[in-house]
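As you go down the protein sequences, you meet chains A and B in turn.
One point on numbering: in full-length UniProt numbering, the residue at position 43 of the first sequence is 43, and numbering is uninterrupted.
One point on numbering: in full-length UniProt numbering, the residue at position 307 of the second sequence is 307, and numbering is uninterrupted.
It cannot be assumed that every hint is accurate.
Unchecked claim - Below, simulated SDA-like cross-link-like pairs (lysine to any residue); rule was C-alpha separation at most 20 Å, straight line:
no. : chain 1 : residue 1 : chain 2 : residue 2
1   : A       : Lys302    : B       : Ala301
2   : A       : Lys86     : B       : Gln101
3   : A       : Lys302    : B       : Ala312
4   : A       : Lys278    : B       : Lys213
5   : A       : Lys244    : B       : Gly75
6   : B       : Lys230    : A       : Leu62
7   : A       : Lys302    : B       : His36
8   : B       : Lys213    : A       : Thr304
9   : B       : Lys299    : A       : Asn74
10  : A       : Lys302    : B       : Leu97
11  : A       : Lys270    : B       : Lys299
12  : A       : Lys86     : B       : Asp89
13  : B       : Lys230    : A       : Ser299
14  : A       : Lys278    : B       : Gln101
15  : B       : Lys213    : A       : Lys86
16  : B       : Lys229    : A       : Tyr39
17  : A       : Lys244    : B       : Tyr172
18  : A       : Lys55     : B       : Tyr172
19  : A       : Lys302    : B       : Lys299
20  : B       : Lys83     : A       : Glu77
21  : B       : Lys229    : A       : Leu41
22  : B       : Lys213    : A       : Gly274
23  : A       : Lys302    : B       : Asp89
24  : B       : Lys213    : A       : Asp20
25  : A       : Lys244    : B       : Gln308
26  : B       : Lys229    : A       : Leu287
27  : A       : Lys302    : B       : Gln101
28  : B       : Lys83     : A       : Lys278
29  : A       : Lys302    : B       : Glu162
30  : B       : Lys299    : A       : Pro12
31  : B       : Lys213    : A       : Lys244
32  : A       : Lys278    : B       : Ala312
33  : B       : Lys299    : A       : Pro271
34  : B       : Lys83     : A       : Asp37
35  : B       : Lys229    : A       : Leu28
36  : A       : Lys278    : B       : Lys229
37  : A       : Lys302    : B       : Lys230
38  : B       : Lys230    : A       : Val193
39  : B       : Lys213    : A       : Tyr39
40  : B       : Lys299    : A       : Thr304
To be clear, the hints were calculated from the coordinates, so they are not data collected in a lab.
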Amino acid sequence: MAPLKHLEKENPIIDASFRDFCASHGILTVEDFLVHDLYELAAFAQRHTNADRLKEGITLMLSFIELQCRPWLNGMELLDEMQRNKHILSTGDKGTDSLLQGGFREGQLTELVGPSSSGKTQFCLQAAASVAENHLGRVLYLDTGNSFSARRIAQFICSSSDPALGQKVMIRISCHAVYDIYTMFETLQGLEVTLRSQVRRNVNEDRLRLLVVDSVSSLITPILGGSGSQGRALMVAVGYLLKKLAHEHSIAILVTNHTVGAGGEGGKTKPALGETWKSIPHVRLMLSRDHKNSNCNISILKHTFMPSGQAVRTMTRKDNQQCI
Amino acid sequence: MGEDEARGWIRSDETAKQMLCRVLKDRAFLLLPPLHRVPLRAGNVVEITGASPSAKTQILIQAAISCILPKTWNGIHYGGLGKLVLFLDLDCRFDVLRLSQMLKHRLLQANRLGNGAWWQLEESNVNNCRFEQDKSKTVFDEELYVSCMTRFLYVRCYDSLELLSTLKTLHYRIRQQEACGSQVGVLMIDSIGAFHWTDRLSSSLALEKHNRKSLSLTNVVETIVQELKKLLQVHSLVVLATKATIYEEKYSTNENNRKFSSNDELSGNASSKAQQPPIREFMPSSWQAFVTHKIIIRKSANYQSTQQSLSAYSLEWLQPQLSSIDRFIVDDSGIVIVS
Chain A
1 MAPLKHLEKE NPIIDASFRD FCASHGILTV EDFLVHDLYE LAAFAQRHTN ADRLKEGITL
61 MLSFIELQCR PWLNGMELLD EMQRNKHILS TGDKGTDSLL QGGFREGQLT ELVGPSSSGK
121 TQFCLQAAAS VAENHLGRVL YLDTGNSFSA RRIAQFICSS SDPALGQKVM IRISCHAVYD
181 IYTMFETLQG LEVTLRSQVR RNVNEDRLRL LVVDSVSSLI TPILGGSGSQ GRALMVAVGY
241 LLKKLAHEHS IAILVTNHTV GAGGEGGKTK PALGETWKSI PHVRLMLSRD HKNSNCNISI
301 LKHTFMPSGQ AVRTMTRKDN QQCI
Chain B
1 MGEDEARGWI RSDETAKQML CRVLKDRAFL LLPPLHRVPL RAGNVVEITG ASPSAKTQIL
61 IQAAISCILP KTWNGIHYGG LGKLVLFLDL DCRFDVLRLS QMLKHRLLQA NRLGNGAWWQ
121 LEESNVNNCR FEQDKSKTVF DEELYVSCMT RFLYVRCYDS LELLSTLKTL HYRIRQQEAC
181 GSQVGVLMID SIGAFHWTDR LSSSLALEKH NRKSLSLTNV VETIVQELKK LLQVHSLVVL
241 ATKATIYEEK YSTNENNRKF SSNDELSGNA SSKAQQPPIR EFMPSSWQAF VTHKIIIRKS
301 ANYQSTQQSL SAYSLEWLQP QLSSIDRFIV DDSGIVIVS
């Protein structure tokens, strides 16, 4: 936020004497006002000779703060906004779609948890193909482990028999390699800027509808550990940045999280990102694979309106496509 | 406060009638299970602690519905408070569909009790609720539904700065609403520790010079508490805040359950309670001192229903300390107490 003196041009009330008064209380920016008791400040202002002018300045500050606030929405407005902008996207798999009552919701962050080779990447690739083909949306795939395969996506596309159509679908999917958390921030912030400018230019054709991060845990686990809070702070910041992107631009976000053994205690595994991460995703799905018959189990660990642990489906994913 | 103001305040006694009006207005109320054990009154601050997921938001939604429903409508008793709910979403995960679905459920339930003929239509209706089909209009009062939904006010905050700005201007928002004749009943915060780590990081980056107050964790939480206290002085409302645990418990929950079952017969309830590892408190002391009621939710052994096994949770009152522990599950209709 800007220092107070930058506001003077448009607001003559924020003159040198008001700024001096603020500086004497350690307030240099509008932000600083947030941790101060404005009633107390007004009481201090009362003691000055130009009390009215100072108080006017404080009221103006409050109106700046009010401008930054998001509007309060009532239940009907929320419902209306959701029905207009937040559509359901098919995951490309019938079983999963019926488990999730249709698929992913735009505006939500869905997390896939599973041990290695449980089919997380396959799930992501299939979802990317499905959104690009069935929903005509653009897909951005952030690949952290070089596991993206265009050939595999082409297999998932139902209209791949028609090369021209298949190509159109493939063009909608773009892949970026991201190998560390800092590049991740850069990419996401760049994306935010691009999307905002698209909103301004009213581009609605071929808008971004799905963002895949495979895997988010491999970006975050290296910075965790130790007693410092820095790693966790970055993790929470990435989570909120994703949620903000998802909601403001109506994008469905799919991230993957691997599992680790729980310190050898009974051989139980748990998601690599622990307690703090749990409050980030809207929906958490657990993937596990039965290696005998290559069946894949998907169960709900958390969902915004479905009871957790309730529905468990099995499905077989063969190499040939499963078109809906 | 000036001396004159203080003296003026002491002098202005209320009449018995005024006092009765005030006391009757702020009468304690009971929420639905699982919050039914302790009556809450304006000024109370309830903190609900639990790991994610432990149905915390679900409890908030259920309490919100009790608040936004009217007491009676067209001769049918709904038993609500008919007041506004302010929902501050810091987790940014609130799903309005869930609120809508549960509200419809409650309306249907009340209708069924109020009028015996409705129950036949109900089953098909509940299944359609989620998809907002028009059929449902025939069964419950759409006007009532809309008026309840508009009593629910929502805002989301993506960081502490947004939260502080929202709290700073909340007093004016509430006054605007009160000018329109509606009263705020409950302020909900989901969840209070959401920005713990990012605030902690900014404490270490702080530029604490020239008596400048930084946006450190303690300062932020102190300001939140201060703003809420000021609100509670002027407006009669209850604060319900959830708090997600951010540290893992020492023992995995499954192990705990096993210990429980083997010891239960021998030692009963009291000693098994002592075995629960304490939840590590991470909120600064200013918040802890502000909270008046504390609830803790833990995952308990799965509940076997006729068709499937559902995750069950146990809820315990820590402040005021109650000996009873409620066990509940969550299904489509909301929270169901099982033991």
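Hints breached by this structure: As far as the earlier hints go, 4, 5, 7, 8, 9, 13, 14, 15, 17, 22, 25, 26, 28, 29, 30, 31, 34, 35, 36, 37 and 38 are violated by this structure, in ascending order.
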